[in-house]
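> What follows is the residue order along each chain.
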Amino acid sequence: MTLTGAIQQLVLSQAAPAAAAPMQTSLGSPTFMSILFFFIIVSVTLIITYWAAKKTKTSSEFYAAGRSVSALQNGFALAGDYMSAASFLGISGMCALKGYDGMIYATGWLVGWPALMFLVGEPLRNLGKFTFADVVAFRLQQKPVRIAAAIGGVLTVLTYTIAQMVGAGTLIKLMFGLPYEVAELIVGIVMLAYVLFGGMIATTWVQIIKAGLLLFGVSLLFILVLSNFSFNPGNLYAEVVKQYGQKALEPGGLVTSPLEAVSLGLALMFGLLGLPHILMRFYTVPDAKAARKSVFYATGLIGYFYIIIPIVGFGASVLVGRQFITAIDKGGNMASPLIAELLGGKAFIGFIAAVAFATILAVVAGLTLAGASAYSHDIYVNVLKGGHATEEEQVKAAKMATIFFGIAAVGLGILFKGQNVAYMVGLTFAVAASANFPALLMSIVWKKFTTWGAVWSIIIGTFTSLGMIILSPTVWVDVFKNAAPIIPLKNPAIFSMSAAFLAGWLVSLAKPEADAQAKFEEEKLRTYLGVGAE
Amino acid sequence: MANTAVRPIHKGEGTGKSVHELIESPDFKALVKKRWSVSMTLLALLFVSYYGFILLIAEAKDFVSQKIGEVTTLAIPLGVAAIVAAWALTAFYVVWANKSYDPEVERLKAQLLKR
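If you read the sequences in order, they're chains A and B. Residues in the first sequence are numbered from 1 upward in steps of one, following our numbering. Residues in the second sequence are numbered from 535 upward in steps of one, following our numbering.
Don't read these hints as lab results, they were simulated from the structure. Warning: the hint list may mix true and false statements.
[What the hints assert, rightly or not] Derived EDC-like pairs: lysine to aspartate or glutamate, alpha-carbon spacing no greater than 16 Å straight-line:
#1 B:Lys551 <-> B:Asp636
#2 A:Lys417 <-> A:Glu181
#3 A:Lys247 <-> B:Asp596
#4 A:Lys447 <-> A:Glu522
#5 A:Lys448 <-> A:Glu392
#6 B:Lys595 <-> A:Asp101
#7 B:Lys551 <-> A:Glu522
#8 A:Lys519 <-> B:Glu558
#9 B:Lys643 <-> A:Asp101
#10 A:Lys448 <-> A:Glu521
#11 B:Lys551 <-> B:Glu640
#12 A:Lys289 <-> B:Asp636
#13 B:Lys551 <-> A:Glu521
#14 B:Lys563 <-> A:Glu522
#15 A:Lys448 <-> A:Glu513
#16 B:Lys568 <-> B:Asp636
#17 B:Lys567 <-> B:Glu638
#18 A:Lys524 <-> B:Glu555
#19 A:Lys242 <-> B:Asp636
#20 B:Lys643 <-> B:Asp561
#21 B:Lys563 <-> B:Glu640
#22 A:Lys129 <-> A:Asp287
#23 B:Lys643 <-> A:Asp287
#24 A:Lys447 <-> B:Asp561
#25 A:Lys524 <-> B:Glu604
#26 A:Lys289 <-> B:Glu638
[What the hints assert, rightly or not] DEER-style ranges, computed between Cβ atoms:
#27 B:Asp561 <-> A:Gln517: 18 to 26 Å
#28 A:Gly253 <-> B:Ala644: 57 to 65 Å
#29 B:Ser552 <-> A:Pro512: 20 to 28 Å
#30 B:Glu555 <-> A:Pro512: 19 to 27 Å
#31 A:Ile35 <-> B:Lys633: 31 to 39 Å
#32 B:Met574 <-> A:Val477: 33 to 41 Å
#33 A:Leu185 <-> B:Asp561: 53 to 61 Å
#34 B:Met574 <-> A:Gly212: 33 to 41 Å
#35 B:Ala644 <-> A:Leu72: 25 to 33 Å
#36 B:Val582 <-> A:Gly386: 41 to 49 Å
#37 B:Glu555 <-> A:Gly386: 32 to 40 Å
#38 B:Lys567 <-> A:Thr390: 40 to 48 Å
#39 A:Asp478 <-> B:Arg641: 55 to 63 Å
#40 B:Gly586 <-> A:Ile403: 45 to 53 Å
Here a beta-carbon is modelled for each residue, glycine too, at the ideal position from N, C-alpha and C.
Turn these sequences into a full structure, and let the hints guide you.
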């Protein structure tokens, strides 16, 4: 069957009345449709990779797609890089099981984007070449700053990758019935093919396609759900209240302590500004104006996604039923696939499962490219080679680092099998907000910022956030099974980020760096006017 | 490249500024100041809308739980509004930067002594 045929079938099938739970599900075993859609997506993306490979010769093409990505394309790619399977399956599941709290959770994931635009978007594009460390090290001593920035960068990328890979194995097992290790290997191999051969050009297109498919799939789900309630959300809410009580539409236990809420908000907001795989995408557009516009597009796409996804979750809770959703997966992650099957049959659940798979591939590919560049560009080229490496050496180092990172991703995914990795995403955002963001911002705006100020800011930010999370309830109690946490706060960003700013400020003031101050004029010219930008 | 050696000399270009002169010029300083005051104002509005929403949820549960329809609570449109506000702020910044910032950048760049 062709793709259009499948879509036609699924549009027609919406006419069938939605049966109340219990229902039958094909989840957990590979169906013809899910495999078909999976192969279509993988084939198309691999063909693009083949095409991209021919255009990927230089380091600028490998890391930054030759800076030829348009603002709209980059907007889609940023959305594709950011919207993970966790936000797609997790937020709809949370709305299905906990009601309104899922919506609160969704808003938090968007607020970083405007901050990214206002604070670092354009300067990043004007000052850097391939990584955020380029910006931090712009007028500072290369070696110490690059090494420190690579530590912060690799740590954020690795923890995020572990969360993605463990989630991938679990989800693919749930949806396709494949063994966990096989799922890890498939993700690892396909993703490596994209990055290794097609570099940033292939990764960009994989992310664009994934964002398009995800937004299309969820929009269709949204319409199908509302069609059961005569396109009036009020009717849907009324049914939610009928089944689960008014409480489902009121805030529940997600936000209790204001300190916790503010700290989580800071981590989500400024963590985005320290995520290497997101920051890296800014180098793919031609100039600062395109960088700015791409954030506008990305914010619109991601915001739209977070506005419609709760409706899908609420729809699943009343049409599929909470009981059935939790019977398939306790965390509620299968709410979206189940409502897709109920309203669109096997074709639609196959499509949604394949889209979830593509989602994981696109995010992990972006992470791998960022992880590889932290080693190959920051450490190999700028520290070991002192900034003098030939194009050939640079591309070779990037590819070696990609292979190494890909193997590490699969290995860590298998190593962490069955572990509670819920804290990993929180850890990623806390470290990104504390280790990477303060040094990045201070290097852009503060004349007196010094090499050792940057190094200490990154080190203090990394270890404060890491230490505080290990001692917090999420790791100390949930993972290490201790009775009580040493630090009661779950989200350390408010303290660890402040500590990093303070460290950078004090160390810089203690020992001024004349060289760095002298180069600030050159940096300002480039930051604000884009003169000399790559 | 052949054209690097020869630079056409236009009348009136002799007033070109060095990097130092340009960075220290009132126009450049005004541009930088304006850029940060616009983005800081927008960031403050982002804080107000997002944290306002979160703190309402945390501290004024009864207020956000009031019904605005048959069953629909006020919390639902508030959540949607928090998302729309974030996007609207980025839209504002893009419009401002395209209309005011970029032309000023071009004007200042033209004043720079050719290097």
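> State for each hint whether it applies.
So, going through the hints one by one against the coordinates:
Taking the CA atoms of B:Lys551 and B:Asp636, the gap is about 19 Å. The hint is violated against a cut of 16 Å. For the proposed pair A:Lys417 and A:Glu181, the alpha carbon gap of about 9 Å is at most 16 Å, so the pair holds. For the suggested pair A:Lys247 and B:Asp596, the alpha carbons sit about 12 Å apart, so the restraint of at most 16 Å is met. Distance check on the hinted pair: A:Lys447 and A:Glu522 sit about 11 Å apart at the alpha-carbon level, within 16 Å; holds.
For the suggested pair A:Lys448 and A:Glu392, the alpha carbons sit about 37 Å apart, so the restraint of at most 16 Å is broken. For the hint pairing B:Lys595 with A:Asp101, the CA-to-CA distance comes to about 12 Å; that is within 16 Å, so the pair holds. For a cut-off of 16 Å, the pair hint linking B:Lys551 to A:Glu522 stands: about 14 Å separates their Cα positions. This hinted pair checks out: A:Lys519 and B:Glu558 have alpha carbons roughly 14 Å apart, not beyond 16 Å.
Annotation: proposed proximity of B:Lys643 to A:Asp101 is violated, straight-line Cα distance about 50 Å (limit 16 Å). At roughly 12 Å between alpha-carbon atoms, A:Lys448 and A:Glu521 fall within 16 Å of each other, so this suggested pair holds. Among the hinted pairs, B:Lys551 with B:Glu640 is consistent with the structure: their alpha-carbon atoms are about 14 Å apart, no more than 16 Å. A C-alpha spacing of about 8 Å is found between A:Lys289 and B:Asp636, which places the hinted pair at or below 16 Å, so the restraint holds.
The hinted pair formed by B:Lys551 and A:Glu521 meets the criterion: a straight-line CA distance of about 13 Å does not exceed 16 Å. The suggested pairing of B:Lys563 with A:Glu522 holds, with an alpha-carbon distance near 14 Å, which does not exceed 16 Å. A distance of roughly 7 Å separates the Cα atoms of A:Lys448 and A:Glu513; the hinted pair therefore holds under the 16 Å criterion. For the suggested pair B:Lys568 and B:Asp636, the alpha carbons sit about 12 Å apart, so the restraint of at most 16 Å is met.
At roughly 13 Å between alpha-carbon atoms, B:Lys567 and B:Glu638 fall within 16 Å of each other, so this suggested pair holds. Among the hinted pairs, A:Lys524 with B:Glu555 is consistent with the structure: their alpha-carbon atoms are about 13 Å apart, no more than 16 Å. For the suggested pair A:Lys242 and B:Asp636, the alpha carbons sit about 55 Å apart, so the restraint of at most 16 Å is broken. For the hint pairing B:Lys643 with B:Asp561, the CA-to-CA distance comes to about 11 Å; that is within 16 Å, so the pair holds.
For the given pair, B:Lys563 sits about 15 Å from B:Glu640 by alpha-carbon distance, which is consistent with the 16 Å threshold. As the CA atoms of A:Lys129 and A:Asp287 are separated by approximately 12 Å, the hinted pair is consistent with the 16 Å bound. The suggested pairing of B:Lys643 with A:Asp287 holds, with an alpha-carbon distance near 15 Å, which does not exceed 16 Å. A threshold of 16 Å between alpha carbons decides the hint, and for A:Lys447 with B:Asp561 the separation of about 19 Å lies outside it, so the pair is violated.
Between A:Lys524 and B:Glu604 the CA atoms are separated by roughly 56 Å; this puts the pair beyond 16 Å, and the hint is violated. Between the alpha carbons of A:Lys289 and B:Glu638 the distance comes to roughly 13 Å, so the proposed pair stays at or under 16 Å and holds. The hinted window of 18 to 26 Å between B:Asp561 and A:Gln517 holds, with their beta carbons roughly 23 Å apart. At about 59 Å, the beta-carbon gap between A:Gly253 and B:Ala644 stays in the expected band of 57 to 65 Å.
For B:Ser552 and A:Pro512, the hinted distance range of 20 to 28 Å is satisfied, since their beta carbons lie about 24 Å from each other. A hinted range of 19 to 27 Å holds for the C-beta pair B:Glu555 and A:Pro512, which are about 24 Å apart. A:Ile35 and B:Lys633 have their C-beta atoms about 51 Å apart, which leaves the hinted 31 to 39 Å range violated. Between B:Met574 and A:Val477 the Cβ separation comes to about 39 Å, which falls inside the hinted range of 33 to 41 Å.
The given range of 53 to 61 Å is respected by A:Leu185 and B:Asp561, whose C-beta atoms sit roughly 59 Å from each other. Evaluation of the 33 to 41 Å hint for B:Met574 and A:Gly212 yields a pass: the beta carbon distance comes to about 35 Å. A hinted range of 25 to 33 Å for the beta carbons of B:Ala644 and A:Leu72 is consistent with their spacing of about 29 Å. With their beta carbons about 47 Å apart, B:Val582 and A:Gly386 fall inside the hinted range of 41 to 49 Å.
Take B:Glu555 and A:Gly386: their Cβ atoms lie about 33 Å apart, and the range 32 to 40 Å holds. For the pair B:Lys567 and A:Thr390, the beta carbons lie near 43 Å from each other, so the given range of 40 to 48 Å is met. A beta carbon spacing of about 57 Å between A:Asp478 and B:Arg641 agrees with the range 55 to 63 Å that was offered as a hint. In this structure the supplied range 45 to 53 Å holds for B:Gly586 paired with A:Ile403, their Cβ-Cβ distance being about 48 Å.
Hint check: violations occur at hints 1, 5, 9, 19, 24, 25 and 31; the rest are consistent with the structure.
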